[in-house]
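There are 2 protein chains.
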Amino acid sequence: MKEKTAYLISIGDELLIGQVKDTNAAWIAEQLTGLGVSVKKIMAVQDTESEIIDALSEAVAKVDIVITTGGLGPTIDDITKKTFAKFLNIEMEYNEEFYNKVKAYVEMRGGDIKEMLYNYSYFPKGTIFLKNRVGSAPGMLFSKNNTKIISMPGVPPEMKSIFVEEVIPLLNKDNSDFHIIKKTILTAGELEAVIADKLKDIVNDLPKNMSFAYLPNLGRVRLRLTARGNNKSKLEQLIQIFSLKIHERIGDLIFGYEDDTIANVVGKILSENQLHLATAESCTGGMIAHFVTSISGSSAYYKGSVIAYSNEIKEQILGVSHKTLEKHGAVSEETAKEMVSGVLKALNCNIALATTGIAGPTGGTKEKPVGTIWLAVGTKDRIETLKLQLGKNRLKNIETSTVLALNLLRKFLLSKK
Amino acid sequence: MKEKTAYLISIGDELLIGQVKDTNAAWIAEQLTGLGVSVKKIMAVQDTESEIIDALSEAVAKVDIVITTGGLGPTIDDITKKTFAKFLNIEMEYNEEFYNKVKAYVEMRGGDIKEMLYNYSYFPKGTIFLKNRVGSAPGMLFSKNNTKIISMPGVPPEMKSIFVEEVIPLLNKDNSDFHIIKKTILTAGELEAVIADKLKDIVNDLPKNMSFAYLPNLGRVRLRLTARGNNKSKLEQLIQIFSLKIHERIGDLIFGYEDDTIANVVGKILSENQLHLATAESCTGGMIAHFVTSISGSSAYYKGSVIAYSNEIKEQILGVSHKTLEKHGAVSEETAKEMVSGVLKALNCNIALATTGIAGPTGGTKEKPVGTIWLAVGTKDRIETLKLQLGKNRLKNIETSTVLALNLLRKFLLSKK
Numbered sequence: 001m002k003e004k005t006a007y008l009i010s011i012g013d014e015l016l017i018g019q020v021k022d023t024n025a026a027w028i029a030e031q032l033t034g035l036g037v038s039v040k041k042i043m044a045v046q047d048t049e050s051e052i053i054d055a056l057s058e059a060v061a062k063v064d065i066v067i068t069t070g071g072l073g074p075t076i077d078d079i080t081k082k083t084f085a086k087f088l089n090i091e092m093e094y095n096e097e098f099y100n101k102v103k104a105y106v107e108m109r110g111g112d113i114k115e116m117l118y119n120y121s122y123f124p125k126g127t128i129f130l131k132n133r134v135g136s137a138p139g140m141l142f143s144k145n146n147t148k149i150i151s152m153p154g155v156p157p158e159m160k161s162i163f164v165e166e167v168i169p170l171l172n173k174d175n176s177d178f179h180i181i182k183k184t185i186l187t188a189g190e191l192e193a194v195i196a197d198k199l200k201d202i203v204n205d206l207p208k209n210m211s212f213a214y215l216p217n218l219g220r221v222r223l224r225l226t227a228r229g230n231n232k233s234k235l236e237q238l239i240q241i242f243s244l245k246i247h248e249r250i251g252d253l254i255f256g257y258e259d260d261t262i263a264n265v266v267g268k269i270l271s272e273n274q275l276h277l278a279t280a281e282s283c284t285g286g287m288i289a290h291f292v293t294s295i296s297g298s299s300a301y302y303k304g305s306v307i308a309y310s311n312e313i314k315e316q317i318l319g320v321s322h323k324t325l326e327k328h329g330a331v332s333e334e335t336a337k338e339m340v341s342g343v344l345k346a347l348n349c350n351i352a353l354a355t356t357g358i359a360g361p362t363g364g365t366k367e368k369p370v371g372t373i374w375l376a377v378g379t380k381d382r383i384e385t386l387k388l389q390l391g392k393n394r395l396k397n398i399e400t401s402t403v404l405a406l407n408l409l410r411k412f413l414l415s416k417k
Numbered sequence: 001m002k003e004k005t006a007y008l009i010s011i012g013d014e015l016l017i018g019q020v021k022d023t024n025a026a027w028i029a030e031q032l033t034g035l036g037v038s039v040k041k042i043m044a045v046q047d048t049e050s051e052i053i054d055a056l057s058e059a060v061a062k063v064d065i066v067i068t069t070g071g072l073g074p075t076i077d078d079i080t081k082k083t084f085a086k087f088l089n090i091e092m093e094y095n096e097e098f099y100n101k102v103k104a105y106v107e108m109r110g111g112d113i114k115e116m117l118y119n120y121s122y123f124p125k126g127t128i129f130l131k132n133r134v135g136s137a138p139g140m141l142f143s144k145n146n147t148k149i150i151s152m153p154g155v156p157p158e159m160k161s162i163f164v165e166e167v168i169p170l171l172n173k174d175n176s177d178f179h180i181i182k183k184t185i186l187t188a189g190e191l192e193a194v195i196a197d198k199l200k201d202i203v204n205d206l207p208k209n210m211s212f213a214y215l216p217n218l219g220r221v222r223l224r225l226t227a228r229g230n231n232k233s234k235l236e237q238l239i240q241i242f243s244l245k246i247h248e249r250i251g252d253l254i255f256g257y258e259d260d261t262i263a264n265v266v267g268k269i270l271s272e273n274q275l276h277l278a279t280a281e282s283c284t285g286g287m288i289a290h291f292v293t294s295i296s297g298s299s300a301y302y303k304g305s306v307i308a309y310s311n312e313i314k315e316q317i318l319g320v321s322h323k324t325l326e327k328h329g330a331v332s333e334e335t336a337k338e339m340v341s342g343v344l345k346a347l348n349c350n351i352a353l354a355t356t357g358i359a360g361p362t363g364g365t366k367e368k369p370v371g372t373i374w375l376a377v378g379t380k381d382r383i384e385t386l387k388l389q390l391g392k393n394r395l396k397n398i399e400t401s402t403v404l405a406l407n408l409l410r411k412f413l414l415s416k417k
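Those protein sequence lines, which keep their order, are chains U and R. Quick note: the numbering used here has the first sequence finishing at residue 417, numbered continuously throughout. Quick note: the numbering used here has the second sequence finishing at residue 417, numbered continuously throughout.
Just chain U, with the same shape it has in the complex:
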């Protein structure tokens, strides 16, 4: 059986003025992909009859499943249900059961909206209801020319509940043996273009039912392998084979898979080795500490940080020598190294990470332009350093150097073993 296809249509003016981000579409897309349904297009359209009918017409002509969200609330600007009836060429019908149920629900909360509720209780004749366990607007199922049309309210918890409890069983029932298997490989410390060049031949060798994508983000590049087809175990095997090939080629750049973050990977290694980390941050200004402490349980391996935004603190708390600061400057390999040694002592830890640099956008010199950043990691016995030359954007420089510092720590910890 071939792959089923879908369109997602989000209805609502608030999406088109950017007031509300459409998080529903991405969530449904991920769910459908997991069910082996291929999403061909996502649309956000105005809450007007002509726009909704145009979108439904296009969708019904092209795909097997149409999922709409939004436009089902009780407020007066809602025309979605009437538009569905018009599109399907069926009449609206009053639903007394629905009226009574919602009336009870509203009265319980002290509301009085009888007239609005009466209008709200009309549905296209023959609607198959999809139960909403967390709100009043039900999901609805229609069909036209072999295309299933599923309509859900736009409130995320209601939509998710209907999707998980009603839509998934429905789609599974008439679903095929078609599968989409994904694997995400996480790298840090190298540019997308350089990785792409290293993997060129492997990617070119991918069979037709597999695809590969690069998703870069400040110091990191996610690599995504996807395989599609009927034979699930064969697909898993293919993913495994190519994942291994990629690991053989660029294993030194890979820090994790799927939902790993550089901070949780580092945290696991620190925990396993019963180490206590301290950080001394200048240009990263607390973002390393923030990344590390975003992980629940980090207090087991993280003692704290000294954020030294002035030379005075570098000297007094971290014990960087005045001579070093005078001779080499705050942004130097020597200062970064002394920050490591200093914070190891000050916070009584056995491993430390330090950063010092010019985050920008101003403050650069000819010898040390904006984006010059020194990273250092070490123990009392061994210190390693890395110099970065980044761009002029302050926030990008801060996050990129945070990621690359944690990656340097990761490599240091692994090489220590």
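Incorrect hints may have been included.
Unchecked claim - Where chain R lies over chain U, by a calculated footprint (3+ residues, C-beta under 8 Å):
#: 1; stretch: 301–307
#: 2; stretch: 356–363
As the list claims (entries may be wrong) - Some residues of chain R that are not near chain U, with every Cβ distance over 10 Å (derived):
#: 3; residue: Thr293
#: 4; residue: Ser321
#: 5; residue: Thr365
None of these hints come from the bench; they were simulated from the model. Yeah, the Cβ is synthetic: ideal placement off N, Cα and C, and Gly gets one too.
We have chain U already, so just place chain R on it with the hints.
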């Protein structure tokens, strides 16, 4: 002149499998709305020739402006530029200037990707480039049948930079007499529902061509006033009148306007008063320092922070007394106050901010459940504290308490005058 219309088209398979959320579209939609352009549809389509051409054809037939994002990276899966050329019926042309510029950029970072770069340097003939100041892929401007087509890379900071610096001036140049005037009022420290209740009568009195929206985000609520019409100075006057009414009613909650952040507002007050700030963070784990140092020039008023993720550091570096920690615990008003006094001394500053609490999701007790957080701000003469009772979500608790701590500092600074 009538309102201009636009379609937004996001290109990329990763959007359709839900792996990446399309934050670009909502951002662009908000910008365009602000410029008086009405967004008619947002689409996410596959990175294939036929899907891109279908979407462009529909858009060019319906609206004045088409904005596409994504599909402009250097990797081999990118076919966007070729597809644009085909759609516009023009040839691809090698651009040597572009090749040399990107080559220099990549070589500086030690990469070697000549062949790929050569292919990447082809553009549709006659492309008008929109300068990308933060990455290598330029924006592009084309036109067809009186519709402007603007193509930008999908990486958010690059897209935003091109939009703000290149696209906005372009759209303003041929813009109409239809105006949308907005004003954003920024509040911190109060819930959306409470603010809505306080402003109820003012919002009900708004004339028909004005609208009002609440945009809440972790400790902050943005209030947005919008007025639409032809008479620009009349609209500006209306916005001014209602902005003043709101300020009279809830001025104590307002920390700024438009693009202000709590960190830059605090930074300005510190600068004006020639004060030096130190922070001592436990549960916020560096996020206050990160907020403060995100502002360019912050080193003038920020000396640094001690992130004390263990009691040992609270005692040894910050001088919190062992007795206080034993008697009241690390999460207590007393500890927060001693952290302020301690960091003032340790970092030799004249004003300090401290946080200590249980960020969660675990670690709570009956007396001090998850989300219990103490904030303290002060000088050597006066210390003020605030207790928060937040929820169970670690990242939300960290960011909310960061915002409320900086807001406490803001109010302390203003009350000192």
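Here is what the structure says about each hint:
| no. | hint | in the structure |
| --- | --- | --- |
| 1 | 301–307 | holds (count 6) |
| 2 | 356–363 | holds (count 4) |
| 3 | Thr293 | 3 Å, violated |
| 4 | Ser321 | 18 Å, holds |
| 5 | Thr365 | 15 Å, holds |
Going down the numbered hints, you'll see the structure goes against just number 3.
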